[in-house]
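K.L.:
Let's have the full structure, built from the sequences with the hints guiding it.
Chain by chain, the residues run as shown.
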Amino acid sequence: MTVHQPGTLREALDLIAGKPEAVPVAGATDLLVHWPARVAEHDRDYVDLSRIAELKAIAFRNGELMLGALATYWDVIHAGRMKEGFPLLVAAARQVGAVQIQARGTWAGNIVNASPAADGVPVLMAYDAVVVLASRAGQEEVPLDRFYTGYKQTRRRPDQLVVAIRIPWRAHDVAVFEKVGGRRAQAIAKVGLAIAHSAAGWRVVAASVAPTVRRCTAIERLLTDGTPVRGPDDLHPAIERDVTPIDDLRSTAAYRKTVMARLLYDDLRGVCPAFS
Amino acid sequence: MHRREGLAKLTGRERYVDDLPLDDFLWGATVRSPASRGRVTAVRFGRGIDWSQFVVVDSQDLPGPNEILLIERDQPVLAAGYVRHVHEPVLLLAHRDRVALRRAVAAVTIEVAPEPAALDFRVPPRPEQIQYGADNVLKHLRIEKGDVERALATAPVVVEGVYETGAQEHVYLEPQGMIAHMDGDVLVVRGSMQCPYYVVKALTHALNRDEQHVRVVQTPTGGGFGGKEEYPSTIALHAALLALKSGRPVKLVYDRTEDMAATTKRHPARVRHRTGVTRDGKLVAQDIEVVMDGGAYVTLSPVVLSRGIIHAAGPYACEHVRIDGRAMFTNAVPFGAFRGFGAPQTHFAGERHMDVVAHRLGIDPAELRRRNLLRDGERTATGQVVNDGTDRVAVLERALALADYDKKRAANKAGGTTRRGIGIATFHHGAGFTGSGEVMLSSRVDVAGLPDGRIEVLSANIEMGQGTITVFTALAAARLGLTPDDVVVAEADTARVPNSGPTVASRTSMVVGRLVERACDDLRRRVNTGGRGKGEGLKRAIMDWHRAHPGGRLVGSATYERPPGIAWDDHTYTGDAYGAFAWAAYIAEVEVDLRTYTTRVTDFVAVQEIGKVLHETFARGQVQGGVAQGIGWALLEDCKWQDGAMANAQLTNYLIPTTEDLPPIRVAFLENPYPHGAQGAKGLGELPIDGPAPAVLNAVADALGVEPTTIPLTPERLMEIAERGARNAEQRRQ
Numbered sequence: 001m002t003v004h005q006p007g008t009l010r011e012a013l014d015l016i017a018g019k020p021e022a023v024p025v026a027g028a029t030d031l032l033v034h035w036p037a038r039v040a041e042h043d044r045d046y047v048d049l050s051r052i053a054e055l056k057a058i059a060f061r062n063g064e065l066m067l068g069a070l071a072t073y074w075d076v077i078h079a080g081r082m083k084e085g086f087p088l089l090v091a092a093a094r095q096v097g098a099v100q101i102q103a104r105g106t107w108a109g110n111i112v113n114a115s116p117a118a119d120g121v122p123v124l125m126a127y128d129a130v131v132v133l134a135s136r137a138g139q140e141e142v143p144l145d146r147f148y149t150g151y152k153q154t155r156r157r158p159d160q161l162v163v164a165i166r167i168p169w170r171a172h173d174v175a176v177f178e179k180v181g182g183r184r185a186q187a188i189a190k191v192g193l194a195i196a197h198s199a200a201g202w203r204v205v206a207a208s209v210a211p212t213v214r215r216c217t218a219i220e221r222l223l224t225d226g227t228p229v230r231g232p233d234d235l236h237p238a239i240e241r242d243v244t245p246i247d248d249l250r251s252t253a254a255y256r257k258t259v260m261a262r263l264l265y266d267d268l269r270g271v272c273p274a275f276s
Numbered sequence: 001m002h003r004r005e006g007l008a009k010l011t012g013r014e015r016y017v018d019d020l021p022l023d024d025f026l027w028g029a030t031v032r033s034p035a036s037r038g039r040v041t042a043v044r045f046g047r048g049i050d051w052s053q054f055v056v057v058d059s060q061d062l063p064g065p066n067e068i069l070l071i072e073r074d075q076p077v078l079a080a081g082y083v084r085h086v087h088e089p090v091l092l093l094a095h096r097d098r099v100a101l102r103r104a105v106a107a108v109t110i111e112v113a114p115e116p117a118a119l120d121f122r123v124p125p126r127p128e129q130i131q132y133g134a135d136n137v138l139k140h141l142r143i144e145k146g147d148v149e150r151a152l153a154t155a156p157v158v159v160e161g162v163y164e165t166g167a168q169e170h171v172y173l174e175p176q177g178m179i180a181h182m183d184g185d186v187l188v189v190r191g192s193m194q195c196p197y198y199v200v201k202a203l204t205h206a207l208n209r210d211e212q213h214v215r216v217v218q219t220p221t222g223g224g225f226g227g228k229e230e231y232p233s234t235i236a237l238h239a240a241l242l243a244l245k246s247g248r249p250v251k252l253v254y255d256r257t258e259d260m261a262a263t264t265k266r267h268p269a270r271v272r273h274r275t276g277v278t279r280d281g282k283l284v285a286q287d288i289e290v291v292m293d294g295g296a297y298v299t300l301s302p303v304v305l306s307r308g309i310i311h312a313a314g315p316y317a318c319e320h321v322r323i324d325g326r327a328m329f330t331n332a333v334p335f336g337a338f339r340g341f342g343a344p345q346t347h348f349a350g351e352r353h354m355d356v357v358a359h360r361l362g363i364d365p366a367e368l369r370r371r372n373l374l375r376d377g378e379r380t381a382t383g384q385v386v387n388d389g390t391d392r393v394a395v396l397e398r399a400l401a402l403a404d405y406d407k408k409r410a411a412n413k414a415g416g417t418t419r420r421g422i423g424i425a426t427f428h429h430g431a432g433f434t435g436s437g438e439v440m441l442s443s444r445v446d447v448a449g450l451p452d453g454r455i456e457v458l459s460a461n462i463e464m465g466q467g468t469i470t471v472f473t474a475l476a477a478a479r480l481g482l483t484p485d486d487v488v489v490a491e492a493d494t495a496r497v498p499n500s501g502p503t504v505a506s507r508t509s510m511v512v513g514r515l516v517e518r519a520c521d522d523l524r525r526r527v528n529t530g531g532r533g534k535g536e537g538l539k540r541a542i543m544d545w546h547r548a549h550p551g552g553r554l555v556g557s558a559t560y561e562r563p564p565g566i567a568w569d570d571h572t573y574t575g576d577a578y579g580a581f582a583w584a585a586y587i588a589e590v591e592v593d594l595r596t597y598t599t600r601v602t603d604f605v606a607v608q609e610i611g612k613v614l615h616e617t618f619a620r621g622q623v624q625g626g627v628a629q630g631i632g633w634a635l636l637e638d639c640k641w642q643d644g645a646m647a648n649a650q651l652t653n654y655l656i657p658t659t660e661d662l663p664p665i666r667v668a669f670l671e672n673p674y675p676h677g678a679q680g681a682k683g684l685g686e687l688p689i690d691g692p693a694p695a696v697l698n699a700v701a702d703a704l705g706v707e708p709t710t711i712p713l714t715p716e717r718l719m720e721i722a723e724r725g726a727r728n729a730e731q732r733r734q
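Residue numbers (our numbering), protein chains in the order written: chain A, 1 to 276; chain B, 1 to 734.
Taking lysine to aspartate or glutamate pairs in the EDC-like style, the calculated list, with each CA pair at most 20 Å apart, reads:
1. B/Lys640 x A/Asp247
2. B/Lys640 x A/Asp248
3. A/Lys257 x B/Glu723
4. A/Lys257 x B/Glu716
5. B/Lys408 x B/Asp364
Per the computed footprint, the stretches of chain A lying under chain B, defined by three or more beta-carbons under 8 Å from a beta-carbon of chain B, are:
6. 33-47
7. 171-185
8. 242-251
9. 256-266
Far from chain B by the CB rule (all over 12 Å, computed), these chain A residues:
10. Asn62
11. Ala79
12. Gln102
13. Glu140
14. Val142
15. Thr154
16. Ala200
Bear in mind the hints are in silico, worked out from the structure with no lab data behind them.
The model shown is predicted, which means the values in this text are computed figures rather than measured ones.
Backbone N, C-alpha and C define an ideal beta-carbon position, used for all residues, glycine too.
P.N.:
Written as C-alpha cells, this is what we have:
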C-alpha cells in the first residue's frame, strides 16, 4: 500500500492526474469496513486528502451553504445556523454510524462512495446540492441528482476530486428525513427518505430502493399536481415508476415499497391538502 | 466486592490472547471448504507465491487419530479428502507475515466434486442426502409420562401450534484464538476458552500425547456464552499442528468474519405442540415434538437436545406428557453450545403456545399460568418431584405487580400509527449437568494454604466476564473468615489446577462454588485448628504448618458428591433431571410501529428465584445481559443461510441490539436457599436467555391480535403476518 499525503489541493490534483487508479480518501471510514477481508485493496495507491486545509471550510455566503470536501458529519452537527437553515443535514448526520464515524466521515466521501443506502446523500439531494469537481483542467459543477450514472457509478473522472458541495439556502415549509434501519442506531438503511418543499417545488428523494439514491419524480409530480391521495396504497403506482427495490441481505423489495408508501403518506398527510 | 480483575479490564491493561507478547512466532491460518458436501478432487496452490516460505499442514500430518474427541468421534481435525460443510477446515498455513498469509489463503483452491447436501432439517432427507445412520438422525430422545393419546382423545379442547427459532451467533467481544508452542517436550496451548480440560482431552487424543506432555492455559477471555465450550479444541489442535510441524510458536486468531462464518451457533429448532386443556384452562396433556438442526457433525447436539426436551413442557403440572426430540444431521456449519443449551428454543415454543391456548380459551395469559404452575409435591415431565419450597405463583405475582400488568393489559392499544402490548413468560432452568452428568464429571477443587498465610483457590473454571474470580474469592474468604486480599484465584493452567469440570451449564457458582467451600473446610481440617480456626488464627496456623513442613504443599480438596435423594435413569429419561431449578417470570411491553412494523421493547420486568444472590451487581448484570441477548434473538438476529453457511457473517449485516434498542430492564430476585449450592445459590447464567423471546412475541400478539410463531420476528416477517391477518379478516367480513 502506498499512501500519498498532499498538503495542497494543487499537489493532490497533480498526483491523481498522474495516477488515475489512485483512490482519494478523507475519513477512510468506508475503506476500513472491508480492509481485513479485501487483501487486494492493500496493493493500491491512496491519496489522503485530510491535510489539505483549504478543503475543510464550511461557509454560508451569497445565499448558499458551501461544505468543503473535508467537512464531516460532526462539523455539520455542531456548526452554527445549521439547525435553522439546513435541519435535514443535522438529522441525517446524527443517523450516520456512531459518533466515531460521524467525527471522521465526510459528506463528500458519502457522495463519491455512491452507496445506494447512503444517509447523507438523500438530504443533500433534497436540498438541490451541487457537486463541485476540480482537476488540473479546471472546475466543473454537477447537480447531485445527475451525479450518479448507475450502481456505484458517478460522473467524477479519475483525474477529478470533489472539492466542495454547494447548497442553495431556501426557506422550506416541509423538511422530513426518515431512516428505517435494522435497528435504532448504527444500521444501514433499509429505506431512506428525504422530503422537502420550498419555492423551488417538491423534492422527494429515496435511498436503498434503487441502484442509486434518486429523486422520485413521479411522487414529486403527484404532489405538485395535488392529485388526491386517500391512503398509502394510492402512492404505489408512482412508487413503481420511481424505484426498483430488491430482496437482499437486509430486507425485501415488498417491505421496502410498503414502508416507503406508508412513511410518505404519514409524513405528508398533515402538510399536503391533497392527502386525506 | 469490586470485580477482582475489573481495573485491568477497565483501563485496557488486561491482555487477551492476541495481546500476549510472543517472540519469533508464525501466524496461522485456515483454508476452508468452499462446498457443502463432496469429495475433494484437488488442492491447487496458486502461482505467484513462494510456497516454500509457508508451513503447510493437512490431515496427513496428524500424529494420532484425525478426530476431535467429544461425545462422538465423527468430526475430523482436518478434512481428509471429503468435506461435509462449507468452511470445513481442509488445510492449515503458517507464515511470519500476516498479510502474506491472507494472500496465500486466498491463493489456494480446494476443488470439490459436489454431492447432494441436506440443508433443511425440517424435511425428511431424500435417500441421496443421507449421511448419518439410516435417516440422518444424530440423536433421538423421548420423555413419556402418563398416557398422552388417551388424554388428548378425551380433552375438552385441543390446541396445536408449530414454532420455529433461528440460529444465533454468540458475538463475544473477543474472537476465538490460540497460541501453541513447545516448552521442552511439553506442548503448551494458551487461549480464549471455557473448558481447559476439554482442550487437553482433544489434544492428547488427536496428537497422540499423554497428559504430562500437554499443558493448556486459559487466557483472559472476552466473553464465551457457550461459543468457547467445544470450539476452542479445534483451534487449539490447528495451532498445535502448525507449531509441531514448524517448531515455532504459532498464533491462530480469527477475525470477526471468520469467527462468525466458521464457528458454532445456537441450534435452529422447530417445535410442534398439541395440548389438551379443560375449558377452564387446566393442562391435561402435552404432546411435544422437538426437531433441531445439528449441522454436519455431532458436536454437543445430543446434550443440547436433552436439555431442550427436558425443559419443553415448561414449569407446569400436567399428568400426561410426551416429548419426542430429534437432532438432525445437515450439511450446515455445525451448531453448538450457546447459553441456554436447547432450553431457549423449547421455552420459546412452550410459552408462545401458552398464550395461543389462553387466546383460544378466552382466559388471560397470566391466569392460565397461575392455574398450571407447579406446586410443591407435583411432578415435572421426567417425574421429578418438585419440593423446594418456592412459591412459583408468587414469582409470577411479583412480576405482574412490578409491570402493572392488569392496568396495561386493559389499556387502549391504539395510538395513531402505533400499537402497544404486554406479554408474559414463566419458565425454569435446571442448573448443572443433566441427570448423572455431574457424577460422571467428578469435579475436584483444591484450596492451598500458602507460606505467607494466604490461600489459593485452584480450579479449572474460568473467568469470561461473568465473575468467577470475584465470586470464588468471596466464597473462600467468607468460608474462612479471611479478607479478599488473603485469597488468590489460580490461573486456569492444567499443569497446576485440578479438573473441576467445564465452565458451562450455570454450574460454576452453584456446583463448583460449593466445592470451593468444601475444599476450604478440608484445608482447615488439615492445619489442625480443631475445626474452629478462622481469619487471623487460620492464617497463623497455615504459616505454622509451613514452618513445620518446609517446602511442603498444604492443600485442602473437595470432590463432587451427589446430593442425597437424587436419582436419574438415562434409559427411561425419568427422575431428577437437575439438582435444582431456578424459576422466573418475565414481562415485556412493546410498541409496534404500523408504518414500518418495527417492534420496540419499551419496558421489561425480570423476576427470578435463584436460591441466593451471591453478588448483586453481577447477578443483575447476568439478567440484564441475558435479556438483551434474548431481545436480540427475538427481534433482530437473523442468520441468512447460503449452502448451510452464514451469508451475513459481518456485524454490519448481522445486527445485535444497541442500548438504543433496549428498554429499561427491571430486575428483582427472590431467594430460597438451595442446601447443596454455594451459600444456597442456584445457577443463574443461562436462565435469563430463556424468557425474553416468548415474552416479547406474546406482547406483539397482544398488540396486534396476531399469533407470530417464528423468531427472529423481523419487521419484514411481522408485516407479512399482520397483512395476511388483515386480508383474512377482510375476507371474513365479505
